[in-house]
Amino acid sequence: MPPEIGGTPAPAPAAGSVAAPSAIYDLGYRGYDGPRLGRRAAVWALFASSFRATWGLGRSGRAKIVPWGALAFISLPAIVQSAVNATVGPVAGAAAGGLTFDSYLAQMNVLAFIFLAAQAPELLGSDLRNRVLALYFAHAMERLDYALAKLAAILAALLVLTVVPTTILFFGLSLGSADLVQGFKDQLGYVPEIVGAALIYSLLYAAVGMAISAFTPRRAYATGAIVAVFLVGTALPALVRRAGSSIGDWPVLLDVNAIAEGVRHAIFGGSANGVVRQMSLPDTGYFAAFAAIIIVGVAIYLWRYQRVEA
Amino acid sequence: MTASAASEPMAAPSGGEPAVRLEGVSRWYGNVVAVNEISFDLEAGVTGLLGPNGAGKSTLLHLMAGFLAPSAGSVKVRGRAAFGDPAIYHDIGLVPEREAVYPFLSGREFVEANARLQGVPDPRAATARAIEQVDLVDAQDRSLGTYSKGMRQRAKVAAALVHDPRVLLLDEPFNGMDPRQRIHTMTLLRELAAQGRTILFSSHILEEVERVADRILVVIAGRLAASGDFRAIRRLMTDRPHTFTVRSSDDRALASVLLGEPAVTGVTLDDGLLVVRAADFGAFSRAVARDARTAGISLFEVQPTDESLESVFSYLVRG
Chain L
1 MPPEIGGTPA
11 PAPAAGSVAA
21 PSAIYDLGYR
31 GYDGPRLGRR
41 AAVWALFASS
51 FRATWGLGRS
61 GRAKIVPWGA
71 LAFISLPAIV
81 QSAVNATVGP
91 VAGAAAGGLT
101 FDSYLAQMNV
111 LAFIFLAAQA
121 PELLGSDLRN
131 RVLALYFAHA
141 MERLDYALAK
151 LAAILAALLV
161 LTVVPTTILF
171 FGLSLGSADL
181 VQGFKDQLGY
191 VPEIVGAALI
201 YSLLYAAVGM
211 AISAFTPRRA
221 YATGAIVAVF
231 LVGTALPALV
241 RRAGSSIGDW
251 PVLLDVNAIA
261 EGVRHAIFGG
271 SANGVVRQMS
281 LPDTGYFAAF
291 AAIIIVGVAI
301 YLWRYQRVEA
Chain H
1 MTASAASEPM
11 AAPSGGEPAV
21 RLEGVSRWYG
31 NVVAVNEISF
41 DLEAGVTGLL
51 GPNGAGKSTL
61 LHLMAGFLAP
71 SAGSVKVRGR
81 AAFGDPAIYH
91 DIGLVPEREA
101 VYPFLSGREF
111 VEANARLQGV
121 PDPRAATARA
131 IEQVDLVDAQ
141 DRSLGTYSKG
151 MRQRAKVAAA
161 LVHDPRVLLL
171 DEPFNGMDPR
181 QRIHTMTLLR
191 ELAAQGRTIL
201 FSSHILEEVE
211 RVADRILVVI
221 AGRLAASGDF
231 RAIRRLMTDR
241 PHTFTVRSSD
251 DRALASVLLG
261 EPAVTGVTLD
271 DGLLVVRAAD
281 FGAFSRAVAR
291 DARTAGISLF
301 EVQPTDESLE
311 SVFSYLVRG
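Keeping their order, the protein sequence lines are chains L and H. Residue numbering for the first sequence follows this note's numbering, beginning at 1 and increasing consecutively. Residue numbering for the second sequence follows this note's numbering, beginning at 1 and increasing consecutively.
The shape of chain L in the complex, shown without the other chains (with noise of 0.2 Å):
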């Protein structure tokens, strides 16, 4: 830092003109001897602007351009079902080809994944590729913090992406309906499903994404990753039983979103979607395929995270 004149500070426009004496000026550096946030504080800030992220906040438009064309996406049929609904009348139940909350996130959960395909692998990716995850790891902040706050980041971010569109199609019914108040109160008892279907479907897919992530800077790879984790899920299963083999249904627990949408069934009810609708397992068979890919994906997320170079 350059030295003061006798101590004084920055100087007053006539101290500091071109014509008057030659002078440095001190430039108001000085540490920093306030009250600090701390450790909290710290993992809220990474997990806004984490959050942030995960929809380009603060970016360029080119970030912004598969987190909102895949909330636009999946919001669109909703969209129009609650538009038809208010122009021509209800439509709503499958029976009538309109979407329900029952089958909305099995229908449409492909715009979750590629969400989920082109977010996590960016969010952790671009901290690891740059090295600056020891400036993190140097204030207040540890590895787990790090760790869950982006990892509750992205939960947040596809629980947006999941709850918008069964949002908008719950006031799409209501104020479709006749009767403004009953049209509401018809449409209260699927609160809980929409926000428990967008839950079971956000924690599968967080767990999943981030612990393929957190194993490459590169987010090519990570993206790549992911895509092949959901095809082979997603494919394994039908190739098993077109062989005849003798393990039954079990095989459908590779696939992610049959997963999710048996846990749905199993908890809410309603219509079955999707290749669960030919299964014959137990409930307890989805409940424990969810909470292992769960705890399994969240453990080698976290795990790697205490390990990885910073």
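Just so you know, the hints here were simulated from the structure itself, not pulled from any lab data. Fair warning: there could be bad hints in the mix.
To be verified - If we take Cβ atoms under 10 Å as the criterion, some of the chain L residues that face chain H in the derived model are:
1) P21
2) A23
3) Y25
4) L27
5) Y29
6) D33
7) G34
8) T87
9) V88
What the hints assert, rightly or not - Here are a few chain H residues that sit away from chain L, every Cβ distance over 12 Å (derived from the structure):
10) N36
11) A100
12) R211
13) S227
14) A232
15) S256
16) I297
17) L299
Glycine included, each C-beta is placed from N, C-alpha and C at the ideal position.
Assemble chain H onto chain L, guided by the hints.
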């Protein structure tokens, strides 16, 4: 203003105001503070604006040129607010860093277009004068697209000079110029300053600044770190000893004598070269001659080694 008028001394701005005055000026872009509470006055003469990349030099120039409004504080050119007052452009000539020229125009057409935009009474005569000033007469009818970078720079300087402004702001004006063009432009700036104009130019080439500027402004991380004559700034760095190399008829004897001087903080004889570190530049300069005479030693050379602008800038930037 005509060529003959250009050689007359510049009138002082009204009300005793300096040509350019910045008072507590800050400018930020979102979360980024590019300029942070800077105050200074500029008067006639050449001032060099120095600073590392991203220090805020271009933002400062753009504030003075009225392209940017200050987020806080005030920027005045000859007593008037620089931003939002097109009339100040009669007083300002700006050479931007970017290649802001139309490649299909000839050098003369480009300069003349600027003369007409400025409302100069006789644009052709003013254009001829400006082109002559920057030594571009032979190439004036070629299109700018065929110019070298240095020639385009000179065309920009001519365009900035065509309306005979009192204040000339130049952002990296010597970029791309060959040594001859560089020396010519340096001489031109000195002549313009001698006529009473206020000239501020930014440059990364410290040697250029050292040769042309009467005074310097050093900007670091958006703050004004130092201003004035760089040698005087060096004297103010009392926490950094001055280093001299000394050649004499008996270096070893002179070294032992100098060690007794309070102003001398260290002496080394390295490969026969006597290097002296002194806390006080003035006291050492007086003492070395006196001590040599007393000891009967002939002094051949006393050379300060860290008195260059480069050293001063390096000390300021590294802190």
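How the hints compare with the structure:
1. P21: 6 Å, holds
2. A23: Holds, because the Cβ-Cβ distance from A23(L) to chain H comes to roughly 6 Å (cut-off 10 Å).
3. Y25: With a minimum Cβ separation of about 6 Å from chain H (threshold 10 Å), the hint on Y25(L) holds.
4. L27: Hint on L27(L): holds, closest Cβ of chain H at ~5 Å, below 10 Å.
5. Y29: Nearest chain H Cβ about 8 Å off; hint holds.
6. D33: Violated: closest Cβ of chain H sits about 20 Å from D33(L), beyond 10 Å.
7. G34: 19 Å, violated
8. T87: 43 Å, violated
9. V88: Status violated, d = 47 Å.
10. N36: 8 Å, violated
11. A100: 26 Å, holds
12. R211: 18 Å, holds
13. S227: Non-interface label on S227(H) violated, nearest chain L Cβ at 5 Å vs cutoff 12 Å.
14. A232: Contrary to the label, A232(H) does not stay out of reach of chain L, its closest Cβ about 4 Å off (not over 12 Å).
15. S256: 31 Å, holds
16. I297: Fine: 34 Å to the nearest Cβ keeps I297(H) off the interface.
17. L299: 28 Å, holds
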